[in-house]
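Visitor: Assemble the complex: chain A is given as a structure, and chain B with the ligands must be docked to it using the hints.
Number of protein chains: 2
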Amino acid sequence: DSTAHPELEAKDFDEETQKALEEIDSCQNEIEALNEQASEEILKVEQKFNQLRKPYFDKRAEIISKVPNFWTTAFTNHPDLNSLLEEGEEDCFQHLTKLDVEEFEDIKSGYRLHFHFEDNPYFDNTVLTKEFQLGNLGAPTSLSIPIRWKDDMDLTQTNEPTCTRTGRKRQLDQRSFFTWYNDHVDPTSDSIAEIIKDDLWHNPLQYFLVPDVELGNGVDDEE
Amino acid sequence: DSTAHPELEAKDFDEETQKALEEIDSCQNEIEALNEQASEEILKVEQKFNQLRKPYFDKRAEIISKVPNFWTTAFTNHPDLNSLLEEGEEDCFQHLTKLDVEEFEDIKSGYRLHFHFEDNPYFDNTVLTKEFQLGNLGAPTSLSIPIRWKDDMDLTQTNEPTCTRTGRKRQLDQRSFFTWYNDHVDPTSDSIAEIIKDDLWHNPLQYFLVPDVELGNGVDDEE
Ligand SMILES: [Ca+2]
Ligand SMILES: [Ca+2]
Ligand SMILES: [Mg+2]
Ligand SMILES: [Mg+2]
Chain A
18 DSTAHPELEA
28 KDFDEETQKA
38 LEEIDSCQNE
48 IEALNEQASE
58 EILKVEQKFN
68 QLRKPYFDKR
78 AEIISKVPNF
88 WTTAFTNHPD
98 LNSLLEEGEE
108 DCFQHLTKLD
118 VEEFEDIKSG
128 YRLHFHFEDN
138 PYFDNTVLTK
148 EFQLGNLGAP
158 TSLSIPIRWK
168 DDMDLTQTNE
178 PTCTRTGRKR
188 QLDQRSFFTW
198 YNDHVDPTSD
208 SIAEIIKDDL
218 WHNPLQYFLV
228 PDVELGNGVD
238 DEE
Chain B
18 DSTAHPELEA
28 KDFDEETQKA
38 LEEIDSCQNE
48 IEALNEQASE
58 EILKVEQKFN
68 QLRKPYFDKR
78 AEIISKVPNF
88 WTTAFTNHPD
98 LNSLLEEGEE
108 DCFQHLTKLD
118 VEEFEDIKSG
128 YRLHFHFEDN
138 PYFDNTVLTK
148 EFQLGNLGAP
158 TSLSIPIRWK
168 DDMDLTQTNE
178 PTCTRTGRKR
188 QLDQRSFFTW
198 YNDHVDPTSD
208 SIAEIIKDDL
218 WHNPLQYFLV
228 PDVELGNGVD
238 DEE
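Residue numbers (the working numbering), protein chains in the order written: chain A, 18 to 240; chain B, 18 to 240.
In case anyone wonders, no lab produced these hints; they're calculated from the structure.
If several chains are the same, the list does not tell them apart, and a pair holds so long as it fits within one copy or across any two.
Subject to a maximum C-alpha distance of 16 angstroms in a straight line, what follows is the list of computed EDC-like cross-link-like pairs (lysine to aspartate or glutamate):
(1) K214 with E120
(2) K214 with E148
(3) K65 with E120
Only chain A is shown next, with the shape it has when bound in the complex:
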């Protein structure tokens, strides 16, 4: 098992070089084994802290459930998320009751975003879940629970995504919430999912409390 390189068997190097290359290969194997060990130890640390954080996230969820429109307010105040919501979607989001992020046990491999809704005029689902499988096995994929729209209420049929801003804003603006929800083209660079998971969910209070100041300017200066 000293080499994974068939070229090292070919022996088209002089003896001294051949020996050196085999020694380099042996060093690489040691380094690779240490890399794997390091990844395992880091994963254990992350899992340990996921467990330590969990009671605080659970307690937070319980308290948040007592604050009217907490997630709706935090989501719509978030400077990178508010432009996502088209007009009908904003109304729909008034029925969002809970947001939850579930990281897989092997935290390298994926996560789920759960959007909980109360009874609403738009769809029959009580939870909409978008899942990201980013693990080592197979190509990364994402999938979403299909939305059971009520008659004539399918918001993906009525919205034209707006494309009025520039740069990062433009990129985010090209999708509405439900367009994003149903989009699985490039799961490894889903910036909206990452903002929800790493920023909004991680510390929603700052967005609940502080409206995006830019919103005061009205919509789309460029128009």
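Guide: Chain B with the ligands alone, transformed into the frame defined by chain A:
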């Protein structure tokens, strides 16, 4: 210290909501403290494994020094690096004797790429170093040891970077090695530095052994 949010002092919420928000804030503080503890533990694991890997990297460097043109061959065989080298630079790279990557003790904060050269017709330096400071304090920067070019040998004055390929290739092709070396515009997304640090230096043997098959096709099919 229960709150970092001045908005929580404003008391423009009803009493129950105010109390809930303060409890959420307190949960956030606990979560944040655990996040910091997790980062510290992960850093310690990474530092420990840097120490454990070091003897193998040192031994590897010693063996590599006995293989003629090891780094030059690995660098010029690398599919993402070979297009970087302009004609004069390829000749210059025949004098590259050693490549070294030095990660800062706090591995989050930066690294140095050291290119060691023997006596050569192009410049007087024996080591060219490009350094990346990506730490939390201040804006990320990169800097390079100035090249002391010999008379009329400044390769940055004679090369026009080629821009003939598409996509990723094009992006890399727009710079020559020394243009890249002297470029400090966007240190946080220096893809060439990252390829050298995370791929070439990490396992150079595969590139020493396996020439880029695409090279056999000759240069720039699109022409
Ligand atoms: Ca939009
Ligand atoms: Ca080039
Ligand atoms: Mg929660
Ligand atoms: Mg070395």
